[in-house]
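Asks: First to last, the sequence lines map onto chains A and B. This note's numbering puts the first residue of the first sequence at 111, with every later residue one more than the last. This note's numbering puts the first residue of the second sequence at 111, with every later residue one more than the last.
A hint or two may mislead.
It does not matter which identical chain is used: a pair holds within one copy or between any two.
What the hints assert, rightly or not - Simulated pairs of lysine-lysine, DSS-like, Cα-Cα distance not exceeding 25 angstroms:
#	residue 1	residue 2
1	K442	K462
2	K182	K257
3	K462	K182
4	K182	K631
5	K257	K169
6	K278	K313
For the record, the hints were derived by calculation from the structure and aren't laboratory data.
There are 2 protein chains.
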Amino acid sequence: MRTFFGVGCLLVICAGSVLARTVNVEDHGIVPGQDVTFKVNQLLEELQGEKGVTLYFPKGRYEFKPENAIEKYRAVTNHDNSLKRIAFPLYGFEDFTLDGGESTFLFYGRICPVIVENSKNIMLKNFSIDWDTPFHHELTVVERDEKNNTFVAEVSPMKHGFKVQGGKLLLGHYGWEDELGQNIPYDPKTGAPYWDTRRYGLKYRGAKAANVGENRVRLQDATRLAPPLGAVLCAWGNSPNRLAQSIHLGNSLNTTIENVTVYAGGGMGLIAERCENIHLNKFVVTSAEGRTLSARADATHFLGCKGLIHVENCLLEHMGDDGINVHGAYVKVVEYMGDNTFLCEISHRQQKGLIFCEPGDKVMLTSRKNVQPLYESTVTATRILNESRFLMTVDMMPETYPEGPLSFENLTWYPDVIMKKCIVRENRARSVLISTKGKVLLEDNWFSSQMHGVLIEGDNKSWYESGGVRDVTINNNTFVNHGYGNGQGYPLYAAPMLLPEQTLGDDQYHWNIRFTNNRIKNFNGHLVHAKSVKNLIVEENTVEVDNTYPSSSGLPAVALDFCKDVRVKNNSFAGFEFPIRIESKGGTTGLKVEHNTGLDSGTLNK
Amino acid sequence: MRTFFGVGCLLVICAGSVLARTVNVEDHGIVPGQDVTFKVNQLLEELQGEKGVTLYFPKGRYEFKPENAIEKYRAVTNHDNSLKRIAFPLYGFEDFTLDGGESTFLFYGRICPVIVENSKNIMLKNFSIDWDTPFHHELTVVERDEKNNTFVAEVSPMKHGFKVQGGKLLLGHYGWEDELGQNIPYDPKTGAPYWDTRRYGLKYRGAKAANVGENRVRLQDATRLAPPLGAVLCAWGNSPNRLAQSIHLGNSLNTTIENVTVYAGGGMGLIAERCENIHLNKFVVTSAEGRTLSARADATHFLGCKGLIHVENCLLEHMGDDGINVHGAYVKVVEYMGDNTFLCEISHRQQKGLIFCEPGDKVMLTSRKNVQPLYESTVTATRILNESRFLMTVDMMPETYPEGPLSFENLTWYPDVIMKKCIVRENRARSVLISTKGKVLLEDNWFSSQMHGVLIEGDNKSWYESGGVRDVTINNNTFVNHGYGNGQGYPLYAAPMLLPEQTLGDDQYHWNIRFTNNRIKNFNGHLVHAKSVKNLIVEENTVEVDNTYPSSSGLPAVALDFCKDVRVKNNSFAGFEFPIRIESKGGTTGLKVEHNTGLDSGTLNK
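Bound-form chain A, shown alone (with noise of 0.2 angstroms):
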């Protein structure tokens, strides 16, 4: 790409004057087929400041290791903390697009590919993640001897190798080995992770290797059950294991991902936390040819974002855990010290080193005993102590100082939703998890995931994902077997999730689901659970029988727990041959229950 102006370097007059220029990598020595990390990290050293700028790669395989790279500490949220080596260090860029080309992007070990760091108006388009080897191995059972709970599995890749040391299996990365720990046991059937998975769970005791063969390994005892012939076992090791994921963007505006595909990462493909409108289109995440697994964690994650997150034409399968989560944060109350401040501390592990809050944001103090929320008030001044702990100053205290455990949600850092036209599935765990006080729009979607379809939680109790959500339309979605992990999925549940010693308050903790005009197709007839949930309708959905998997679960097909006006109306159900049901305890009032198909609501509606 010669140009008219220098060396890689074409001049545009955009809209409001601003320079604009294309810099192709090439003219800066960058070319396919070698370890390019070393230059490309020296170029974006340069282009920093630059605004306008567009980093084109002409079409190809380039290489990115880690031993040259550039390093710096990086709390991210989801993940484990540490110092990451980076191909692409955006900190502080603003109006750059990384077009990619249509090139792979090869990376090898311990590696992050991109990081969006305090920037604005930034682009990545047509350019794959994918690793030399993957952060997972995949063992193919290829002898069964469930008598002995013995199996012998062909190990996938072989590039580094495998070896048996104590009797344990160590398999070999780029720099490291991993124990046999975290795993998914998939079956090359449904290319989905098994019915009932938890029969082949890992015994963290007792377990024996050996080396049968170049590629081969005997485990005895290493699951529960051994896995049947022809399973892959893709397996991860065990935490910290989430040091590099794919693509992380943080405290910026404006981030749009186009045409981007994941093959592979030591974490998510996409975590965002603290930024302000995100774009996804034609962001996929899938497995590579010859590989079963994809990500082995969540496909994307967003963590306290606002404006709008837009998710379209995505295509997000063969994770190791769930398509989307979107949730804020709860932090707990340690001590407050006087002067409207509080000691603060961030409650998950995976959290430590979050930005909870800034001066200007709306928090809301939130019962950690009924998970109600309590006083809004405006933070004043924040000042970090460590990962953990920091201090939070609000300009308006309640009257009196409320009893029990307190945590706090940040209001201002909720975003809305819109996510169209995307497919999930063949992942471990949901397709979608949504906990934001934001609008959501999820349409147009095709959905089939092990666990939960959309699921609508919140808890302060061990994820501590806020929030409650307050406006949530889930219309037109294909929900294809939901749950086939364990039998018990439904296409929506929505309930926060409680520790025995936390009760519901006098208030529902969600408020206004629509979930309209989506189609069903699944083994046990499920529709919608929903626990605590205000200004619930469930319309105009069909649920048709699948016989993919063993059929019925016993839970009700719509089930209902101290909700308040509840609107079930002009749903179907086809095809089952068990007793498909409404069932509403907790105290649910305002329910109507009209012109549904194939439901036997009982005495509700007498």
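Here the structure of chain A is known, so what remains is to put chain B in place on it, guided by the hints.
Replies: For chain B alone, coordinates are given in the frame of chain A:
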């Protein structure tokens, strides 16, 4: 300490008209008997930027806990890099005194007591550092079954208990657990590690632990041989376990530590790097009452310092590693990048993050094949890529690029050392390690350690501690029973440590060592082992038998190998009932052996 000039503020007119004042912590709500970390952090933040402050603690026991401590990522040489919680973060201070007023600073868990970084004229004085629970456990053997290689031990301290899990002993700490890992068995009769310590070395496989009482554990096959009844096995788990050094000095000018005692630490007592002029007076590392071990690693350690390291009147005892170690670093040349620029790599895992050089430093290109100096140049630019690698540009290059593997050592950052009137004893490993090209004087000290007395080594193979010495005087010291660990130690052992494929060059590695007027009492009759030393004087030393340990190692009292210009004169050996001999090999030249008593010089002078 009320003052006439406002609360906690004593103004003094100093020479040079600098305003100095004393800040009494009591006036800032910092009082003994409680966790004062947050308040101390806050007060130090307020004082930053002010010159001439003395921060004064009225005598008491002040507690420091990690929960609310500020945190910074720290690369600490010879330790494990990590985010560190810090009690006294002295970053960018000038003319500052921390006067503990004879207080005890008591720490809990992983918190670093004092870090001095990028500071000038800092004085630390009059306090002791201890931990509520130290970073090791002491297991006292109360029953022993040699036949079954089993012993029962009482565990101390028990504050955080211990547990046995899957046959493994897990020793409780403030927020973590240690396996039975690195350890040293102490002999209560001598207060020092056992004779032939390795007999009791840990077996890392096949060990079985069982809980046999409130504070008792039975260990079978945990050690090669069950330690004797009464033995105190001091154990501190496996790496990473050097996460909380006691005092860390970095990039600072003129630091004085006076009347400071360190009783424990999760690493070294004092670690200093890239500092100019450090003065230790009455710095004590010792075990607390009721404990056997003090610091788990070296008492003091200096890497890449310059100016003068002045150590006097210090007591360093009961450590898990060396008394003092002064050295530089060899970094590897990965690749010559052209334009006088080298891609270099930090050689040792625990040196990662080291600032090897800065522009203006003189560096020596060195052969990694025969550890000989090749070419001296001056650094004009550096660029740090990550904790392992950096680019270094020099002003001049040799006419012909040298063949074979290369390293650099930094000639500018080698300090002079004066060590006087110190005691180093009852520790694992050596009394003193010296690898500096500066002028060194060790005088009037008392040494007795498990390995060598003074080890002058330098290695470009495993620890990568440069460099060959140029001027060392070891005069009028007492050496008692060095090398009781394996019986083979020497009062003075000077020899570069080489890989099998490394060879000595044409010239000697170490130059100008004078070992004179020392009094030695030992069991093996050893005096000096020297390899590749030029200009070695061994004069007027007395060596007298001591019967504490089994006698004779079979090794020569004076062993010379590839030395040049050596004078062994007027030394006397008394009381040994086995041959005391001198051996010279490896083409040693210019050897004079004269007027020694009790030394069989064989045919050397004939």
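Asks: Indicate which option fits the pair K462, K182 if close means a Cα-Cα distance not exceeding 25 angstroms: within, between, both or neither.
Replies: So K462 and K182 pass the 25 angstroms test inside a copy (16 angstroms) and across (14 angstroms) alike.
Asks: Checking K257 and K169: alpha-carbon separation at most 25 angstroms within a copy, between copies, both or neither?
Replies: This pair counts as neither: shortest intra-copy Cα distance 53 angstroms, inter-copy 70 angstroms.
Asks: One pair to classify: K442 and K462, alpha carbons no more than 25 angstroms apart. Within, between, both, or neither?
Replies: within (13 angstroms within a copy, 36 angstroms between copies)
Asks: Indicate which option fits the pair K182, K257 if close means a Cα-Cα distance not exceeding 25 angstroms: within, between, both or neither.
Replies: Neither. Shortest intra-copy (51 angstroms) and inter-copy (54 angstroms) distances fail the 25 angstroms Cα cut-off.
Asks: First find the shortest C-alpha distance between K278 and K313 inside one copy, then the shortest across copies, and answer within, between, both or neither for a cut-off of 25 angstroms.
Replies: Result: close both inside a copy and across copies, 12 angstroms intra and 18 angstroms inter.
Asks: Is the C-alpha distance from K182 to K631 at most 25 angstroms within one copy, between copies, in both cases, or in neither?
Replies: The answer is neither: 47 angstroms in one copy and 53 angstroms across copies each exceed 25 angstroms.
Violation of the numbered hints given earlier is confined to hints 2, 4, 5; the remaining hints are satisfied by the structure.
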